[in-house]
Structures are given as structure tokens and as C-alpha cells.
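Engineer: As given, the protein sequences belong to chains A and B, one line each in that order. Going by full-length UniProt numbering, the final residue of the first sequence carries number 307, and the count climbs one at a time with no gaps. Going by full-length UniProt numbering, the final residue of the second sequence carries number 300, and the count climbs one at a time with no gaps.
Derived from the structure by calculation, the hints contain no laboratory data. Just so you know, even glycine gets a beta-carbon here, dropped at the ideal spot from N, CA and C. Be aware that one or more of the hints could be misleading.
[Claimed, not checked] To list a few chain A residues with every Cβ distance to chain B over 10 Å, as calculated: (1) T87; (2) P134; (3) K158; (4) A245.
[Unchecked claim] Partial list, derived from the structure: chain A residues whose beta carbon lies under 8 Å from chain B: (5) Q81; (6) S85; (7) L89; (8) L110; (9) G204; (10) K207; (11) K208; (12) T213.
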Amino acid sequence: MKKTVILLMTLILTVTLAACGKNNNESSNSPSENASNSPSESASDLSGSFLASGSSAMQKLVEQASGKFMDKNKGVSIQVQAGGSGTGLTQVSEGQSEIGNSDVFAEEKLDADKAAALVDHQVAVVSIAAVINPAVTVDNLTKQQLIDIFTGKVTNWKDVGGNDQKIQIVNRPSSSGTRATFEKFALGQKTEDLQGSIQEDSSGTVKKLVGETPGAIGYLALSYLDDSIKKVKYEGIEATEDTVADGTYPVWAYEHMYTKGEPKAEVKAFLDFMLSDEVQNGDVVELGYIPMSKMKVKRDVAGNVTK
Amino acid sequence: MSQSLDRQKAKPHLAEEWVGKIYTFLCILFLITTIFSIVYFVASKGLSTFIVNHVNVIDLLTGLKWLPDGEPALFGALPFIFGSFSTSILAACLAAPLGFCAAVFMVEISPKFGRKYLQPVIELLAGIPSVVYGFVGLSVIVPFFRDVFPGQGIGIAAGALVLSIMILPTITTIATDALAALPKGLKEGSYALGSTRWQTIYRIVLPTTLPALMTGIVLGIARAFGEALAVQMVIGNAPHIPRSLFESASTLTSAITLSMGNTAMGSLANNALWSLALILMLMTFVFVFIVRFLEGRSKL
Numbered sequence: 001m002k003k004t005v006i007l008l009m010t011l012i013l014t015v016t017l018a019a020c021g022k023n024n025n026e027s028s029n030s031p032s033e034n035a036s037n038s039p040s041e042s043a044s045d046l047s048g049s050f051l052a053s054g055s056s057a058m059q060k061l062v063e064q065a066s067g068k069f070m071d072k073n074k075g076v077s078i079q080v081q082a083g084g085s086g087t088g089l090t091q092v093s094e095g096q097s098e099i100g101n102s103d104v105f106a107e108e109k110l111d112a113d114k115a116a117a118l119v120d121h122q123v124a125v126v127s128i129a130a131v132i133n134p135a136v137t138v139d140n141l142t143k144q145q146l147i148d149i150f151t152g153k154v155t156n157w158k159d160v161g162g163n164d165q166k167i168q169i170v171n172r173p174s175s176s177g178t179r180a181t182f183e184k185f186a187l188g189q190k191t192e193d194l195q196g197s198i199q200e201d202s203s204g205t206v207k208k209l210v211g212e213t214p215g216a217i218g219y220l221a222l223s224y225l226d227d228s229i230k231k232v233k234y235e236g237i238e239a240t241e242d243t244v245a246d247g248t249y250p251v252w253a254y255e256h257m258y259t260k261g262e263p264k265a266e267v268k269a270f271l272d273f274m275l276s277d278e279v280q281n282g283d284v285v286e287l288g289y290i291p292m293s294k295m296k297v298k299r300d301v302a303g304n305v306t307k
Numbered sequence: 001m002s003q004s005l006d007r008q009k010a011k012p013h014l015a016e017e018w019v020g021k022i023y024t025f026l027c028i029l030f031l032i033t034t035i036f037s038i039v040y041f042v043a044s045k046g047l048s049t050f051i052v053n054h055v056n057v058i059d060l061l062t063g064l065k066w067l068p069d070g071e072p073a074l075f076g077a078l079p080f081i082f083g084s085f086s087t088s089i090l091a092a093c094l095a096a097p098l099g100f101c102a103a104v105f106m107v108e109i110s111p112k113f114g115r116k117y118l119q120p121v122i123e124l125l126a127g128i129p130s131v132v133y134g135f136v137g138l139s140v141i142v143p144f145f146r147d148v149f150p151g152q153g154i155g156i157a158a159g160a161l162v163l164s165i166m167i168l169p170t171i172t173t174i175a176t177d178a179l180a181a182l183p184k185g186l187k188e189g190s191y192a193l194g195s196t197r198w199q200t201i202y203r204i205v206l207p208t209t210l211p212a213l214m215t216g217i218v219l220g221i222a223r224a225f226g227e228a229l230a231v232q233m234v235i236g237n238a239p240h241i242p243r244s245l246f247e248s249a250s251t252l253t254s255a256i257t258l259s260m261g262n263t264a265m266g267s268l269a270n271n272a273l274w275s276l277a278l279i280l281m282l283m284t285f286v287f288v289f290i291v292r293f294l295e296g297r298s299k300l
């Protein structure tokens with residue numbers, strides 16, 4: 001009896017494993033067969049599979065674009081993983097993935113020599129705006145006011161022109177790329193985590209908490225903004241696609257896709273596809289990013305802006 | 001006749017014996033290798049904070065400031081350790097009486113109804129994913145606390161309440177098993193001496209099963225200690241020791257999950273997170289030893 005059970009289990013296991021193996025073979029074989037059998041496809045001579053890992057904020061964009069790319073190039077299979085910018089940069093630097101997605105420059109996360117080996121491909125621009133609870137009667141905050149709020153010097157909205165209401169900070173963890181961008185370009189300095197401040201990693205949770213908590217202030221990428229929260233102007237300038245593009249609104253950052261050295265043909269083709277009009281004017285805009293082609297200004301690692 | 005049959009059967013039995021032995025041995029070997037590699041992996045990463053980056057162990061354990069990006073970088077993990085202990089112990093304090101009473105009801109007072117309906121329902125709680133608990137906490141408990149108590153609703157109280165529901169099945173199941181395993185003679189003797197049902201439960205059943213009940217609590221605390229996602233969503237994650245139960249705080253697990261993906265492997269900030277993981281693992285070992293100790297003292 002026991003023997004039959006063991007035998008049965010072994011059999012099931014073997015069959016399952018065999019099936020898995022066969023499936024894998026088929027899936028990796030059939031696209032290339034398709035590709036070779038259908039010369040009508042324009043770029044179908046590309047083949048291979050690679051991994052793009054990193055920033056969770058970029059996952060949706062890269063996933064959508066890779067889906068379209070794979071439809072066009074049946075021989076290429078792209079996997080997109082989200083594990084954070086640091087993980088993505090580490091993995092591409094150690095050769096575990098072909099593309100490392102990051103919200104920040106590699107130099108800010110990795111050692112200088114490791115970062116030097118990576119090639120930067122900037123695929124979109126993300127802009128970040130300070131957001132507050134809709135009940136707070138403030139429309140504009142200056143740089144100094146933001147610094148005072150995020151360093152804890154000002155703890156009540158009445159000190160920055162609002163109603164008498166305690167300020168509740170909804171921050172990101174200190175390792176977050178969004179926070180790094182906000183601190184660097186909106187505050188111009190690093191801040192400590194204050195007693196009583198809230199830190200959340202996901203933009204969805206930040207939005208929920210800012211929308212629900214009285215007197216809350218946080219910051220979000222433009223794509224997350226809606227009526228449940230209120231966008232405040234920065235130094236009198238509203239964060240829009242145009243103000244970011246012409247450089248008047250300073251709180252923005254590139255979305256990077258790093259490769260180690262020059263990429264392989266299929267990786268290069270995908271990165272070119274990311275910068276093609278189809279993705280730039282389609283998925284990039286749709287997901288609330290600003291296309292690279294619109295940007296009239298450029299910025300380097302040190303934060304210097306050039307026209 | 002029967003002898004010859006036995007002899008014929010002897011060989012397949014021997015083979016079965018060996019197949020079974022080797023198979024089970026391989027399973028155990030696989031488990032032990034896994035455990036040791038995990039311990040080695042976490043320890044080697046976690047200790048490199050002290051060996052490679054020369055962070056003082058005492059500073060890490062007693063420091064109050066966590067500034068991985070600061071100048072100089074400070075790694076004081078005491079707020080996280082405090083947060084982990086306070087949330088999980090508070091959760092156990094909330095869940096233990098509930099779990100005990102539910103177990104007493106299911107075993108002593110209304111066994112038929114309890115065993116048939118209550119126990120499956122409570123065990124269902126164990127099957128709910130932690131992110132669901134977290135989201136319910138964020139959508140229901142946090143706004144409720146925000147309205148009723150001073151503060152923003154997030155904090156140790158919200159975390160402990162979410163955790164207490166999560167560990168309720170552990171505590172209840174273990175308590176139920178312990179109560180059910182109590183020899184009938186003890187209770188019958190107590191009744192024979194004229195004590196009421198409450199006197200029997202209070203004076204005989206609970207004291208005798210206490211070590212087993214404690215085991216359930218410690219296992220519950222261990223589970224709460226290691227829970228990350230649900231707590232992270234409702235506790236606020238400020239790296240400070242909070243001044244009240246309704247102020248943003250952090251636990252070891254929430255600190256790790258918040259920053260692990262955002263820091264590069266091998267960097268100081270990342271190693272410090274592994275040190276937190278090492279503390280977490282050592283604490284879990286302590287809990288396991290406490291459970292073994294309690295089991296040894298059990299009178300059943």
C-alpha cells in the first residue's frame with residue numbers, strides 16, 4: 001500500500017517535472033521557429049531572452065513596453081522584475097540581469113568603479129509634486145517653507161499660511177529614489193526622519209494616507225495625482241509637463257535603464273524601442289511620465305541643468 | 001506454509017525499509033542543509049556590518065538614531081527592537097485571553113458546537129494573507145483610532161491589534177489541543193469533590209495546562225515578531241521610540257522590508273539591514289528555546 005503511494009507520488013512528480021521541461025523547451029523553441037518561418041516580420045531576426053530588474057515604480061512602464069516589443073519580435077523574451085532600484089543596479093552590475101531599472105543615477109547607489117562600468121539609458125522623466133490633504137488651505141509652498149516642514153521647524157499649517165492644524169508628514173524611507181529626488185531638488189538638503197512622521201514605501205499607500213489624514217503632507221509622482229489629494233505649487237510654479245520640460249519646475253528625475261557595457265543586439269533593440277515614438281508618445285505619456293523628446297533641458301549626475 | 005510466505009515477503013519488505021530510510025534521510029538532510037545555509041547566509045551578511053564596516057555592536061543594539069544616509073551614518077536599532085517587542089507582546093496580551101476563552105468554550109462548555117463551527121472559523125483566520133490584514137488595518141482600524149484617540153491612528157496600537165487577530169488561531173489551536181488532552185480523571189475527580197464547572201476550569205484545568213498555554217503564547221509572539229507586511233502598513237515606520245501607542249513607530253521587519261530593495265547589495269546601509277535580520281533570527285531562536293523549555297515542563 002505504502003509502496004503504491006510512494007510509486008504514485010514519484011510518478012506524478014516525474015510527469016510534472018517532465019512536463020515542465022517539455023514546456024520550457026517548447027516555449028523557447030517555438031518562437032524562434034516562428035521567427036525563422038515568417039520572414040515578413042521586420043525585425044524578427046532578433047532572438048534571445050533577458051531580464052530587466054529594479055525600480056518598482058518603473059515596472060509598469062517597462063512591462064507594457066516589453067509586451068509590445070515581444071509582440072513584434074517573437075524570438076525575444078523579456079522578463080521584468082521589480083525589487084527596488086538598489087537591487088536592480090546590483091543585479092545589472094553583477095551580471096545577474098541585462099537591464100537595471102533605476103529611479104536614481106547609479107553613482108548615487110553603487111561604488112564609483114562599479115557605477116563607471118554601467119551605461120546609462122534615460123527613457124523617461126518623472127516629476128514629483130508636494131501633495132497635501134484637501135482640507136488644508138494652502139496652495140503654494142516656498143522652498144524654505146518645505147524645508148521648515150520636513151525638518152520639523154514648522155509643525156502647524158498656520159505658520160505657512162494655512163488653518164490651525166498640526167502638520168503630519170508622510171515621507172518615504174530614506175533609501176527611496178523618490179525621496180532622494182524630492183530632497184535633492186525641492187529641499188536642496190537631506191532630512192532626518194522625524195519623531196511621529198509616517199514612512200511608506202508605496203505611492204498608493206502614501207496617496208491614501210495623505211488623502212485621509214488631517215493636515216498631512218507628502219509627495220508623489222505626477223501620475224498618482226487625483227482629486228483625493230491636493231497638489232501644491234512649488235515657489236509659485238505648478239508641476240505640469242510644460243513647466244518640467246522647459247526647466248522652470250525643478251523637482252524631476254530621469255528614469256534610467258542601465259546596462260553593463262554596451263548591450264547585446266536584442267537588448268539594444270529594446271532600449272531603442274523604449275525611446276521610439278510609439279512608446280514615448282504612448283505608454284510613457286499614458287503612465288504619467290514626460291517623454292525624453294519633450295525635455296528642453298538636460299541634467300547630469302551632479303544636478304547641473306543645461307539647455 | 002506461513003513460514004515460507006514470510007520468507008518470500010521478507011525481501012520486498014527489506015527493500016521497502018531501505019527505500020523509506022534513504023528517502024526520509026534525504027528529506028532530513030535537505031531540511032538541515034537549508035536551515036544551515038540560511039543561518040550562514042544571514043549571519044555572514046549581518047556580521048559584515050561589524051567586521052567589514054566596523055560598526056560597534058553595542059552602538060547598534062542601544063543606539064537611538066537610525067540615519068543610514070547621514071554624515072556620519074548612524075545605525076541605532078533600539079527603536080526597531082523596541083517596536084518589535086512592544087507590538088508582538090501587546091498583540092499576545094490582546095489575543096491570549098481571547099484564545100483561552102475560545103478554547104475553554106470549545107472544549108469544556110459547548111464541545112459539539114465549538115468543535116464543529118467555531119474551530120474551523122478560527123482556523124480560517126490563519127489562511128488569510130497578511131497583506132489583506134494590513135489593508136483592513138489601514139482602511140478600518142487606522143481611521144477608527146484616528147477618530148477615537150489623539151494622534152494619527154497609525155502606531156503600535158494599530159499594529160498590535162492587527163497582529164493579535166493574526167496570532168489568534170495559533171494560540172487558540174494550541175490551547176484547544178492542550179485542554180482536550182487533559183486526562184478525564186482530573187476533571188471528574190474535581191466534580192466528585194463537589195466543585196462547580198467554573199471552579200474546575202479555574203482551579204484544575206487552567207493551572208494544569210498552563211505550560212501548554214504558554215507555549216501557544218510564545219509561538220504567537222514568535223509569529224507576530226516575524227510578521228512584516230501587515231505591520232508595515234499600519235505602524236507608520238518612523239525610526240524612533242514613540243511617545244504614545246498612537247504615534248508612528250517601526251519594527252525590525254518593517255525597517256528591513258522598507259529599505260532592502262532600495263539599497264545596493266554590499267553597501268553599508270544594506271549590511272545594516274542584514275544585521276537587523278540577524279537580530280530577528282536570533283530572537284526567533286530564543287523563542288524556540290523558550291517553547292522547548294516550556295514543553296519540557298509540561299505536566300501532560
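Engineer: Against this structure, judge whether each hint is valid.
Structural biologist: Hint check:
no.	hint	in the structure
1	T87	5 Å, violated
2	P134	16 Å, holds
3	K158	19 Å, holds
4	A245	28 Å, holds
5	Q81	10 Å, violated
6	S85	6 Å, holds
7	L89	6 Å, holds
8	L110	5 Å, holds
9	G204	10 Å, violated
10	K207	12 Å, violated
11	K208	7 Å, holds
12	T213	5 Å, holds
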